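Peer 1: Below are the chains, spelled out letter by letter.
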Amino acid sequence: MNKVIIAFSVAFLIVGCAGQGQQVAEIEQREIFEQTPTEAERETAQAKANKQAQIAREQEELRRQLEEQQRRQDAVDQQASDFDEPVIRPLSDDSFGDTQAQDDPWLQLNEPGSLLAERSIYYDFDRYDIKEEYVPIIEAHADFLLTHPELKIKVEGNCDDRGSREYNLALGQRRAESVKRAMTLLGVEEDRIETVSFGAERPVAFGQDEASWAQNRRSDIVYVDQPG
Amino acid sequence: MQSSNLLKTWILVLMLLSGALPAQAQLTIDVIGGGASQIPITVLPFGNEQRYEQKVSEIVSADLRRSGLFRLGAVGSRRPFPTQVKDVDYEYWRSERAQNLVIGDVMPRAEGKVEVRFRMFDVASESQSLGFSFLVDSRQLRATAHKIADLIYEKLTGDIGVFSTKICYVVKRGETFELQIADADGYNPQVVHRYDEPIISPQWSPDGTRVAYVSFEQRKAIIYVLNVFDGSREILAAYAGSNSAPAWSPDGKRLAVTLTKDGVSQLYLINADGSGARRLTYSQSIDTEPNFSPDGRYLLFTSDRAGSPQIYRMRVDGSDDPRRMTFEGGYNVTPRYSADGESFVFIHRNQGRFNVAIQDIASRQVQILTSGRLDQSPTFAPNGKMILYASEIKGRGILAAVSSDGRVKQRITAQDGDIREPAWGPLLNNRRKESPE
Numbered sequence: 000m001n002k003v004i005i006a007f008s009v010a011f012l013i014v015g016c017a018g019q020g021q022q023v024a025e026i027e028q029r030e031i032f033e034q035t036p037t038e039a040e041r042e043t044a045q046a047k048a049n050k051q052a053q054i055a056r057e058q059e060e061l062r063r064q065l066e067e068q069q070r071r072q073d074a075v076d077q078q079a080s081d082f083d084e085p086v087i088r089p090l091s092d093d094s095f096g097d098t099q100a101q102d103d104p105w106l107q108l109n110e111p112g113s114l115l116a117e118r119s120i121y122y123d124f125d126r127y128d129i130k131e132e133y134v135p136i137i138e139a140h141a142d143f144l145l146t147h148p149e150l151k152i153k154v155e156g157n158c159d160d161r162g163s164r165e166y167n168l169a170l171g172q173r174r175a176e177s178v179k180r181a182m183t184l185l186g187v188e189e190d191r192i193e194t195v196s197f198g199a200e201r202p203v204a205f206g207q208d209e210a211s212w213a214q215n216r217r218s219d220i221v222y223v224d225q226p227g
Numbered sequence: 000m001q002s003s004n005l006l007k008t009w010i011l012v013l014m015l016l017s018g019a020l021p022a023q024a025q026l027t028i029d030v031i032g033g034g035a036s037q038i039p040i041t042v043l044p045f046g047n048e049q050r051y052e053q054k055v056s057e058i059v060s061a062d063l064r065r066s067g068l069f070r071l072g073a074v075g076s077r078r079p080f081p082t083q084v085k086d087v088d089y090e091y092w093r094s095e096r097a098q099n100l101v102i103g104d105v106m107p108r109a110e111g112k113v114e115v116r117f118r119m120f121d122v123a124s125e126s127q128s129l130g131f132s133f134l135v136d137s138r139q140l141r142a143t144a145h146k147i148a149d150l151i152y153e154k155l156t157g158d159i160g161v162f163s164t165k166i167c168y169v170v171k172r173g174e175t176f177e178l179q180i181a182d183a184d185g186y187n188p189q190v191v192h193r194y195d196e197p198i199i200s201p202q203w204s205p206d207g208t209r210v211a212y213v214s215f216e217q218r219k220a221i222i223y224v225l226n227v228f229d230g231s232r233e234i235l236a237a238y239a240g241s242n243s244a245p246a247w248s249p250d251g252k253r254l255a256v257t258l259t260k261d262g263v264s265q266l267y268l269i270n271a272d273g274s275g276a277r278r279l280t281y282s283q284s285i286d287t288e289p290n291f292s293p294d295g296r297y298l299l300f301t302s303d304r305a306g307s308p309q310i311y312r313m314r315v316d317g318s319d320d321p322r323r324m325t326f327e328g329g330y331n332v333t334p335r336y337s338a339d340g341e342s343f344v345f346i347h348r349n350q351g352r353f354n355v356a357i358q359d360i361a362s363r364q365v366q367i368l369t370s371g372r373l374d375q376s377p378t379f380a381p382n383g384k385m386i387l388y389a390s391e392i393k394g395r396g397i398l399a400a401v402s403s404d405g406r407v408k409q410r411i412t413a414q415d416g417d418i419r420e421p422a423w424g425p426l427l428n429n430r431r432k433e434s435p436e
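Chains as they are written, first to last, in numbering that gives the first Met the number 0: chain W, 0 to 227; chain C, 0 to 436.
Please keep in mind that the hints were generated in silico from the structure rather than gathered at the bench.
Since this is a predicted model, take the numbers as computed values, not measurements.
Take these hints with a grain of salt, some might be off.
[What the hints assert, rightly or not] In silico SDA-like cross-links for lysine to any residue, where the CA-CA straight-line distance does not exceed 25 Å: (1) W:K50 to C:S231; (2) W:K50 to C:S307; (3) C:K260 to W:E66; (4) W:K151 to C:G262; (5) W:K50 to C:G317; (6) C:K260 to W:Q69; (7) W:K151 to C:A239.
[Stated by the list, open to error] Derived list of chain W stretches under chain C, where covered just means 3 residues or more per stretch with a C-beta under 8 Å from a C-beta of chain C: (8) 150–163; (9) 189–197.
Using N, Cα and C, we set each Cβ at its ideal position, and we do this for glycine too.
From just these sequences and the hints, can you work out the full model?
Peer 2: Here is the structure:
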């Protein structure tokens, strides 16, 4: 029979007893898995090989697309020079044929219906490879950056809200990086492209359906210092 | 901006310490299900407790009931309730089928203090099984009641009680994100940081004095460490790209984090003051969500190196190649070691749903514990018996808890706002199982 009453005053502050360290359970960690190192190595090597093959494929695809684009452009240029059409532009009241409007990169960027006005690349769930349909957008922005060496961009990666927030943050980073890599392959200097990820934290669509999720799985190209 | 923000945090914490923060929406906890065999216990009203706002016996009863492991017995028809040893009529309580009987009283003492005394009796053997006295400030009655519940829980289940611990979580109201700390029963929620950009991944330091978390307030992910005593805040990691997924080492001296400064998300080890970042993984894939084993020698983490996100384990000293731990399904993320290091919980994609699962490390046996549509961020109670996680009802974020055997389920809701990203705090002092002698 315990008749002993242990009296002690208890100072419950918000997070008590700061001076005392956390008890660290000494637990013997056991090696359990039968998986042999060779298996693991094989798996890792295979994964690496797959990744590298994938990167190579992506690069090849981008190069092909770029060449195709160049051929098309060359053909257009050829046609234009054949006919030597007059260039007719409206003049505003206070400027006499000033070419500023055409040279203003911000106006070009926001020209409705142009590829440059498109700033988002969309992905499948848990994927960060760039689908073929978005390659022209990336090429257009890469070209634009090459002709305007003073401009810089930020690529913001986003995910739908399913799964882990932290994994999605990493996946968003990966998506942004995939855009950056495509652009650097097209010749844009690396230090002009900053990548960030918002993971699943900045959705643009809030439904719990594939249509909403698809809109949230994207990379946005944001021009730094764009006025307005 | 940085300094005004710091000032805001300061003011909040000062208010917190002085107990002057305006009342926040209380969290409500509903219990669903119960343990296999519930332990019968009868907690009688404590003598004199009605004079105080916080009714000790009611808080003790609520704690025990919420654990799902106890069956609270009727308090009988005899008045007044016994508060002294000599008043306990064992024969009567046997007739009421009481097995464990708790009595107590709350007495005013000098200098505004109160003495809380309680005893627990084993009715069958007519003996006292537990007895303690606490001399406390009257504002600490709720904390004292949690302490009593811990002692009863430990005596009757053999496990450490966690009723005195704290939880940390994020509440989203409109475009505002609040980092809050509350008692484990959801009472006393306090806002410790507030900003109109997302906050994710709060993690308690092992001594409970600091919380590391990720904030997007600089329009990118940066890791901060907040001192919950004085509200001071420091940047832990703000390298180029994302800085995220902080995980404290068991000794609190270092953190494993995910950085993208060298390209893709990789694991790094960093001192608690932000110095000495050292790269831990070298893969071409996503490596993130590190979590230390209780002995500090291993890290579990999420990686998509095999094509889909899976959980891997590596030695912190990097002496071995990471080893894959999960093989069921194509999406296994957010690993968290149990307190004994013998199992881990994680999020498993299960036929389009994302659920909390637990895997035994030795046998690789996996048990899916929850059934929500989108369960996230599991965090173990420090005794390893419950897992707190983020879930949702009708598109609104809630916290829920499930026992590690899947039997007991709790649902925790805030009166307004989305509640998410829970982190269960450590045991507050270096406690072992306590006994009266």
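Peer 1: Could you run down the list of hints and mark each one as holding or not?
Peer 2: Here is how each hint holds up against the structure:
1. W:K50 to C:S231: Cα-Cα ~44 Å, so violated.
2. W:K50 to C:S307: OK: W:K50 and C:S307 at ~12 Å, within 25 Å.
3. C:K260 to W:E66: Given that 25 Å is the threshold and the Cα spacing comes to 32 Å, the pair is violated.
4. W:K151 to C:G262: holds (18 Å)
5. W:K50 to C:G317: holds (23 Å)
6. C:K260 to W:Q69: violated (34 Å)
7. W:K151 to C:A239: holds (16 Å)
8. 150–163: With 4 residues close enough to chain C, the hint holds.
9. 189–197: holds (count 5)
Hints 1, 3, 6 from the list above are not met by this structure, while the remaining hints are.
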